[in-house]
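A.B. asks: Please model the complete structure; the sequences and the hints are all you need to start from.
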Amino acid sequence: MSVSNYPHEWEELLAGYVLGDLTTEEVTEMQQLIVEHPEIIQEIDRLQETLALLPLSLNASHPSPNLRDRIAATAIPVAENVTNNIADSLDLLTAPQALESRQVPRRQNFWKLLGIGLGSISAIAIFGLGFDNYQMRQQIATNQIELQKYKQAIALLQASDNRMISLKGMGAIPAATGSVMIAPMEKTAMINIQNLMPIPQENSYRLWAIVDGKKIDCAQFRPDAQGNVFLKVPLGSALKQSNTLIITIEPNKDMPEPTGEMVMKGEV
Amino acid sequence: MKISEQTDVEVLQAWRSGSSQAFGIFYDRYGELVYRLSLRILGNLQEAEDLTQEIFILLSRDTNYDSKRGSIAAFLSVLTRSRAIDRIRKTRSQQQHLQKWEQSISSDHDTSNSSLMENASLSERSEKVKAALADLPDKHRQVLEMAYFDGLSQTEIAKALDTPLGTVKSWARNGLIRLRESLKDSLE
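So the protein sequences, as listed, match chains B and W.
Note that this note's numbering gives residue 223 to position 224 of the first sequence, counting from 1, and the numbers run on in steps of one.
Note that this note's numbering gives residue 69 to position 68 of the second sequence, counting from 1, and the numbers run on in steps of one.
No lab work stands behind these hints, which were simulated from the structure alone.
For every residue, glycine included, the Cβ atom is placed at its ideal position computed from N, Cα and C.
Incorrect hints may have been included.
In silico negatives: residues of chain B with every beta carbon more than 12 Å from chain W [what the hints assert, rightly or not]:
#, residue
1, Q30
2, P37
3, M169
4, A182
5, Q193
6, M196
7, G235
8, P250
9, K252
10, G265
To be clear about the criterion: a stretch of chain W counts as covered by chain B if any three or more of its residues have a C-beta under 8 Å from a C-beta of chain B, and this derived list gives those stretches [what the hints assert, rightly or not]:
#, region
11, 31-42
12, 78-85
13, 130-138
C.D. replies: Here you go:
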């Protein structure tokens, strides 16, 4: 069905809704229109999709090549089953309503939104509600991620054969503190550090395990804006055996051994 | 079937199940789209990379993406734009924001070829969107871009362009309608 099947004034009204610029009177008109022609909601979806395609018009600009690896380090779930199960149970525990709402078809959501909007007097309010609702769902998603991380962390902490190596800042970052938790059962190590200083784009922090005098590369990371790192990495044999860990600042490429100054150290 | 031939939704699922190969494919298809939009809105390389990372982390864990509701490209755009504009609102005053707009908006539109992504269908769509935008009257395109990429309200746009609000609205609405018509085939 094409937009041109509708009168132009209707199209403008729908476009105005999608752009969030309807006046009070137009909101009333729009509500009336939807009541009389519910199928018009499809056109709203298409206009929204059209608007969302605008970024495809942007010119080439490439992120730094290492961004892919940095994202890969934090955005690939480690253990499929455990992660999914925890995520599901957390969903149910923390936000059953979020789970339900995800199953409600779009049209119903739209009606619900519009229903709330009916009482409002300004166009900004109706758009604002949509935005807030969206923000709220995103906030719930973010909170769930946080919760999931902590839940996993707690599960790891509870295993009996765990050991922890504390890390202390030195050199350029004396204020940094943190630890590496080694969980052999889960074949995982968890790196948790605070107060790291920001470093240039082309560098990252790197964790080395010292085994028989050799320094072995175990993990590479960059802190968030607050200087924190909370990272789960697969447990390699070096990290499993080692009693001494050091952290240096290195270029973002394969380094056979550390070249930068030592900024944190930990020993059992 | 090879994973590189699978649909976006299948690749996304494989990635969420822990496949680093699937992550790589997904990133190669959409990483640049997210990055470009982030960079366009935030105007800062570091922030754009941070936001790109944030979006991918979100996507890896939990999202409300539903393929029935639209394409992954559109979903990522909405999510990225919303987060980017949120950051801007938090960190910048509207004044600085307007200045950024004045410096950057005019230079941004260009229909020259660029390989947007390794994924052919997406780069094809990119060309279509570029062509459709280039086809709009200048003012229509300009107000749409100001509203979308700079998060400006129609009132702010009217002020910046020294044009009556009603005219700005009409440009934006008709721009969008016309764009929707040109892109009709890409939307099905």
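A.B. asks: Each hint needs a verdict: does it hold in this structure or not?
C.D. replies: Hint check:
For Q30 (chain B), the non-interface assignment is confirmed: its Cβ lies about 18 Å from the closest Cβ of chain W, beyond the 12 Å cut-off. Its beta-carbon lying about 17 Å from the closest one in chain W, P37 (chain B) satisfies the requirement of being farther than 12 Å from that chain. No beta-carbon of chain W comes within 12 Å of the beta-carbon of M169 (chain B); the shortest separation is about 26 Å. For A182 (chain B), the requirement that its beta carbon stay farther than 12 Å from each beta carbon of chain W is met, with the minimum near 17 Å.
Distance check on Q193 (chain B): its Cβ is at least 18 Å (rounded) from any Cβ of chain W, clearing the 12 Å threshold; non-interface status holds. M196 (chain B), annotated as away from the interface, keeps every beta carbon of chain W farther than 12 Å; the closest lies near 15 Å. Chain W leaves G235 (chain B) outside its interface by the beta-carbon criterion, the shortest separation being 16 Å against a cut-off of 12 Å. No Cβ of chain W approaches the Cβ of P250 (chain B) within 12 Å, the least distance being about 17 Å, so the stated non-interface status holds.
For K252 (chain B), the condition that its CB be more than 12 Å from all CB atoms of chain W holds, with the nearest at approximately 17 Å. Look at G265 (chain B): its CB is around 27 Å from the nearest CB on chain W, clear of 12 Å, so calling it non-interface holds up. Restraint check on the region 31-42 of chain W versus chain B: 8 residues with Cβ-Cβ distances below 8 Å, three needed, restraint holds. Counting residues of the region 78-85 of chain W whose CB falls under 8 Å from any CB of chain B gives 7; the rule of at least 3 is met.
By the rule of at least three residues with a Cβ nearer than 8 Å to a Cβ of chain B, the coverage given for the region 130-138 of chain W holds, with 3 such residues.
The structure agrees with every numbered hint stated previously.
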